[in-house]
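S.K.: Letter by letter, the chains look like this.
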Amino acid sequence: MSIEERVNRVLVDGVGLEPKEIIPGASMKDDLGVDSTEMVEVVVALEKEFGVKIPDGVITGASRVSDIVSYFSKGIQ
Amino acid sequence: MIQSRRVVITGIGVVSPAGRGEVEFFDNLLEGRDFVKEIDHFDASLYPARHAGRVERLDDEVFSKRLIKKLDRFSHLALVASDDAINSSRLDLKTCDMERIGIVLGNALGGWGFAEVELRDLYQQGLREVSPYQATAWFPAAPQGQVSIHCGIKGFAKTIISDTASSLLALGYAARAVKTGKADVILAGGVEAPLTPYALLCCNTSGEMSVSGRYRPFDRDRDGYVIAEGAAVLVVEEYEHAVARGAKVYAEVSGFSHTSDGVHPTDPDPEGRGIARAMQAALDAAGLKASEIDYLLPAGLGGIKSDKGEALAINSIFAASLGNGLSVGVPKSLYGNALGASGALDAATALIAMERGTAPTHTGCGTPDEGCGWVNGSGMVVEKDIRTALINSVGRGGVNTSIVLRKQ
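Just so you know, the protein sequences line up as chains A and B, in that order.
Counting from 1, one number per residue, gives the positions in the first sequence under this note's numbering.
Counting from 1001, one number per residue, gives the positions in the second sequence under this note's numbering.
Keep in mind that the hints are not guaranteed to be accurate.
[Unchecked claim] Per the computed footprint, the stretches of chain B lying under chain A, defined by three or more beta-carbons under 8 Å from a beta-carbon of chain A, are: (1) 1056-1069; (2) 1121-1135.
[Unchecked claim] The calculated lysine-lysine pairs, modelled on DSS-like cross-linking and capped at a C-alpha distance of 27 Å, are: (3) Lys1179(B) - Lys1094(B); (4) Lys1407(B) - Lys1289(B); (5) Lys1069(B) - Lys1158(B); (6) Lys1407(B) - Lys1248(B); (7) Lys1407(B) - Lys1179(B); (8) Lys1069(B) - Lys20(A); (9) Lys1065(B) - Lys20(A); (10) Lys74(A) - Lys53(A); (11) Lys48(A) - Lys20(A); (12) Lys53(A) - Lys1069(B); (13) Lys1179(B) - Lys1158(B); (14) Lys1069(B) - Lys48(A); (15) Lys29(A) - Lys1065(B); (16) Lys1248(B) - Lys1094(B); (17) Lys1384(B) - Lys1407(B); (18) Lys29(A) - Lys1154(B); (19) Lys1094(B) - Lys1065(B); (20) Lys48(A) - Lys1065(B); (21) Lys1069(B) - Lys29(A); (22) Lys1289(B) - Lys1179(B); (23) Lys1179(B) - Lys1154(B); (24) Lys1407(B) - Lys1182(B); (25) Lys1065(B) - Lys1154(B).
[Stated by the list, open to error] Restraint-style ranges between C-beta atoms, simulated for each label pair: (26) Lys1065(B) - Ser36(A): 17 to 23 Å; (27) Glu1024(B) - Gly61(A): 40 to 46 Å; (28) Arg1057(B) - Lys20(A): 23 to 29 Å; (29) Gly1366(B) - Gly16(A): 46 to 52 Å; (30) Arg1128(B) - Asp35(A): 17 to 23 Å; (31) Lys20(A) - Glu1024(B): 30 to 36 Å; (32) Glu1024(B) - Arg9(A): 36 to 42 Å.
Please keep in mind that the hints were generated in silico from the structure rather than gathered at the bench.
Glycine included, every Cβ here is placed at the ideal spot set by N, Cα and C.
Please take these sequences and the hints and turn them into a complete structure.
M.R.: Here it is as structure tokens:
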């Protein structure tokens, strides 16, 4: 499964977003309506999925789906 | 001006083990179908009392998966029942002053289905594994909050936590709030989703649940209640407000009273004095004599002490009409006692019975206990004009409440 598919799966299974909503340019807060509490869920779920600790402020409500995919694609620890 | 305000019920939403909605729910009660079975959605084999009434199917096309993930099941049940109640009432919330619309729900245990999983994760995996929604999912007022958000309710709002008396108290307080002008419409009722490993264990350790799995109120061999999950929400509305919009009126909430036993931390008054006072006060508030009640739904907890006390109270208040025109039924014996939702489910049953002119008089009772000869037993239905009904609910710690409904 690609990084993008794994990120999408987290957003669908973890947050309950609809697959059709998740497009690369969609911003978490403004486009997907992910509030601050959901962002906590997103970050924790991504950490579990990729086995890494994400520093605070790296993935936020302002992040786009493509930003998240890029972050993990670069293999940043 | 306030005293002239009358309070009526204009909508019903029911989600129960016996079905969803007025028609399915009531038709199943009339058929006398048994909805109690051994719990099989988790391993309850080691629990002494492991029978329950479960909402087997919750078809819901209104609330998104995204929302439901953040909620305990009891909030989901409340949302569905509330939505159904509003649809039943044909109340168009878009035209309402939402500061005059309220909500009062009863619940006994809170959202343990959600909480238990998070507690497990906390102890097994640590802090970061706990859902950020734990706090908002579990607390007993969560259904009130979620329904308020969904409907845009901005008015009078409360959650009543009083064990098995919760939802009938909620209905009574909602009626009182509408009567005294605090709101024009209140969604009132109760919800419970106690069929979880920990919640079921807590109820087991109370010693009040039936180990036999047979819910037989007032039966000589009764051994407690069978638990259930479910929700019932009623649209409680000021009469003129209802008439102005052409609403269907099921009945008037014409009497409400509640008392305390003040006898024991958990056991009821063995003489039933508290529930007798509640019934009499509700009748007095309604301006009715006991002999004018057509249909009585006792709390019928199925406990040795609780039923004995309630039977004494019923015998004292309704001496003239028992076996002489008064129909008595505990139809929840067919699907279980939904704790904090039980009173509202009974109220819904009474309202539909008035609508249909048919009273389900099942009690699950085979051999009536001494002083309970007025119990008809299972499989009975009485067809008659039902103009008045009295409903009881009692809660642990000696909380008693009675409501009188009167058809227009």
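S.K.: Each hint: holds or not?
M.R.: Hint check results:
1. 1056-1069: holds (count 6)
2. 1121-1135: n = 5 at 8 Å, threshold three: holds.
3. Lys1179(B) - Lys1094(B): holds (23 Å)
4. Lys1407(B) - Lys1289(B): holds (15 Å)
5. Lys1069(B) - Lys1158(B): Since the Cα atoms of Lys1069(B) and Lys1158(B) sit roughly 24 Å apart, the hinted pair holds (cutoff 27 Å).
6. Lys1407(B) - Lys1248(B): With Cα atoms ~12 Å apart, Lys1407(B) and Lys1248(B) stay inside 27 Å; holds.
7. Lys1407(B) - Lys1179(B): Given pair Lys1407(B), Lys1179(B) holds - Cα atoms ~17 Å apart, limit 27 Å.
8. Lys1069(B) - Lys20(A): holds (18 Å)
9. Lys1065(B) - Lys20(A): At roughly 14 Å apart (the allowed maximum being 27 Å), Lys20(A) and Lys1065(B) satisfy the hint.
10. Lys74(A) - Lys53(A): holds (15 Å)
11. Lys48(A) - Lys20(A): holds (23 Å)
12. Lys53(A) - Lys1069(B): The hint holds at about 24 Å.
13. Lys1179(B) - Lys1158(B): This hinted pair holds, its Cα atoms lying about 16 Å apart.
14. Lys1069(B) - Lys48(A): Within the cut-off at roughly 18 Å; holds.
15. Lys29(A) - Lys1065(B): holds (18 Å)
16. Lys1248(B) - Lys1094(B): Roughly 19 Å between the alpha carbons, so the hint for Lys1248(B) and Lys1094(B) holds.
17. Lys1384(B) - Lys1407(B): Judged against 27 Å, a Cα distance of about 13 Å means the pair holds.
18. Lys29(A) - Lys1154(B): holds (26 Å)
19. Lys1094(B) - Lys1065(B): Answer holds: Lys1094(B) to Lys1065(B) is near 25 Å, not above 27 Å.
20. Lys48(A) - Lys1065(B): holds (21 Å)
21. Lys1069(B) - Lys29(A): holds (18 Å)
22. Lys1289(B) - Lys1179(B): Since the Cα atoms of Lys1289(B) and Lys1179(B) sit roughly 22 Å apart, the hinted pair holds (cutoff 27 Å).
23. Lys1179(B) - Lys1154(B): holds (18 Å)
24. Lys1407(B) - Lys1182(B): Given pair Lys1407(B), Lys1182(B) holds - Cα atoms ~24 Å apart, limit 27 Å.
25. Lys1065(B) - Lys1154(B): holds (25 Å)
26. Lys1065(B) - Ser36(A): 17 to 23 Å: holds (20 Å)
27. Glu1024(B) - Gly61(A): 40 to 46 Å: holds (43 Å)
28. Arg1057(B) - Lys20(A): 23 to 29 Å: holds (27 Å)
29. Gly1366(B) - Gly16(A): 46 to 52 Å: Between Gly1366(B) and Gly16(A), where Cβ atoms are some 48 Å apart, the hint holds.
30. Arg1128(B) - Asp35(A): 17 to 23 Å: Because 19 Å falls inside the window, the suggested range holds.
31. Lys20(A) - Glu1024(B): 30 to 36 Å: Since the Cβ atoms of Lys20(A) and Glu1024(B) sit about 34 Å apart, the hinted range of 30 to 36 Å holds.
32. Glu1024(B) - Arg9(A): 36 to 42 Å: holds (37 Å)
Against the hints set out earlier in the document, no violation occurs for any number.
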